[in-house]
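K.L.:
Generate coordinates for the entire structure from the input sequences, incorporating the hints supplied.
Here's the letter readout for the chains.
Number of protein chains: 2
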Amino acid sequence: MHSFSEICKLYQKQRDTFVFPTSPKNLYGSINYFLDLPGKRVRPAMCLMVNELFDNIHADTYIVAYAFDLFHNFTLIHDDIMDRSPLRRGRPTLHIKYNEGTAILAGDTLLIQCYALLNQIESIYRTQIIELFADTARLVCEGQQLDIDMEGMEMETVNYADYLEMITLKTSVLLGGAAQCGAMMGGADEGQQVGLYEFAKNIGIAFQIQDDYLDTFGASAHTGKQVGGDILENKKTALLVKAFEQATSEQLIRLKEAFQRKGEDKIRAVMDCYKILEVDLWAVEAIRSYTAIAFDKLEEIDVPVFKKEKLLELASSLLVRQS
Amino acid sequence: MHSFSEICKLYQKQRDTFVFPTSPKNLYGSINYFLDLPGKRVRPAMCLMVNELFDNIHADTYIVAYAFDLFHNFTLIHDDIMDRSPLRRGRPTLHIKYNEGTAILAGDTLLIQCYALLNQIESIYRTQIIELFADTARLVCEGQQLDIDMEGMEMETVNYADYLEMITLKTSVLLGGAAQCGAMMGGADEGQQVGLYEFAKNIGIAFQIQDDYLDTFGASAHTGKQVGGDILENKKTALLVKAFEQATSEQLIRLKEAFQRKGEDKIRAVMDCYKILEVDLWAVEAIRSYTAIAFDKLEEIDVPVFKKEKLLELASSLLVRQS
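In the order they appear, the protein sequences are chains A and B.
Here our numbering is used: the first residue of the first sequence is 3, the next is one more, and so on.
Here our numbering is used: the first residue of the second sequence is 3, the next is one more, and so on.
Not one of these hints is a red herring.
Identical chains share a label here; the pair holds if one copy fits it or two copies do between them.
25 Å max Cα-Cα, derived DMTMM-like pairs, lysine to aspartate or glutamate:
#1 Lys309 with Glu8
#2 Lys299 with Asp164
#3 Lys310 with Asp298
#4 Lys99 with Asp151
#5 Lys99 with Asp81
#6 Lys99 with Asp85
#7 Lys237 with Glu102
#8 Lys27 with Glu133
#9 Lys27 with Asp164
#10 Lys99 with Asp18
#11 Lys27 with Asp81
#12 Lys27 with Glu247
#13 Lys27 with Asp137
#14 Lys277 with Glu156
#15 Lys27 with Glu158
#16 Lys299 with Glu315
#17 Lys237 with Glu259
#18 Lys27 with Glu153
#19 Lys27 with Asp151
#20 Lys310 with Glu200
#21 Lys258 with Asp151
#22 Lys99 with Glu156
#23 Lys27 with Glu167
#24 Lys42 with Glu315
#25 Lys237 with Asp282
Simulated from the structure, these hints should not be mistaken for lab results.
P.N.:
Now the structure itself:
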């Protein structure tokens, strides 16, 4: 069994062997630029580590893992355009570095490449893998649409159930799909596949809520982001949605007033509201609860306990304790 | 053997049976809006008619034809964003009717759906079909990138060879790919498949040069577009590229001067240059020549002549005589 960092090294070695054509220069230059940005490679690692839960890593699993990696990068490139984000991991986003047309095409080409790769695997599971991949891909697009729709809505009209559906589709099913494909490639039965999908999906949900929590209540040195950035942008986070949902009519007035302020004053006022409404405590509990569901799902999988340790370590490293 | 219009009716009946989910409403509503715009369905018809050249239409061929139809619509949606086009076939483009984010996602979802469909066909050719489809899709993206690059270049630096590569990739290989898949589904051998790919690709090139020709020298009632629209936009058409390529240094000065004028005056001055350089005559000859190559390729295919008639009719209906 390999640890997350060992798996990442093995994966990177395989990743380097996949090369894109050189021409048209702008298309493939932009793709190489984006793929070379630093990243944690959680999705491909999840796929490979779950394969190893059941059997040695199949050569084809590296291809499947790479397809999930490319797909994730495709979503980042297109999301950056939609969100008009100028930076990603401290470097210019693709539509800024090149142009919007090239960024759209680079994403399209990555998506096409996913299927060209999956169609090459020799595994008896190829058809099932492509089907699962396409289903997952569609759900991710649906989640991104819900996010766009939600951003256009008034704060008090978004409810937590809608928020949860959105983040589940937008971010968590991809981690779930990567795990399920890894299980399939390792020869797991259907029950085990579903269990590992649920494990990874719930880790993804916990991670997303943690991301929202840390933006407001984390130390900025820890996240590398400005504390309160989401509040300044009126971003519909788990905290915001939950706060509006459970505020009394009196608290609602105060909350809206806080969101109308500017700068540090706004951050402080909104954080005060959040604390009164105890959405910080609620978030910590939600993260703990989704993590517990995930760990239960992993525990149910019928493989020796020592084999699960590295996966538990990966999950724990993603989910830093808040309390 | 069915005629183009008969095939279109058969196809439309099958097309109506494919339905998208209803939620998220904006995502699938926008897809349905775009797919319901009037269109000639040339690509799916080509796929089906080429199948019929060899055998009865296989049920799976309708799925393959639909995938080419969806892929074509995906390219139109994303190209409209890149070109900032407000209208398509007289109706608002998707990014205007909805928003840019939804338009990007609608295109992405259509592309994903192509592979979900192709992965369902039962044909023994499934793997080859997906491979050919992915190869074609990648080339189309490369062609669109070349188009973006070319639009940013000075007029006198674009040459006809680059223009030809761009239109071949951007528009003609998709028609070629649809024909080749149709041949494969009909049980054609590899030589026949390649021959029909070349037939359709050359029809596509002829059609594209004709499109450029008609924009400048066609009657506006015929094309439904403003005559001279390409000239007003400085669009790098076959005519423009060829004119700049073969102008003497003296003619080049006049040509550049013509492109600096405005409105009707600009159209008249550029058309005068084109006529002096005889690029109108050159274009008519180029259309004839690519059409002749296409027809030769079809003639070489070893099936009874009467079976080819409907395909010839389709090609001829696309290529209206100019002289």
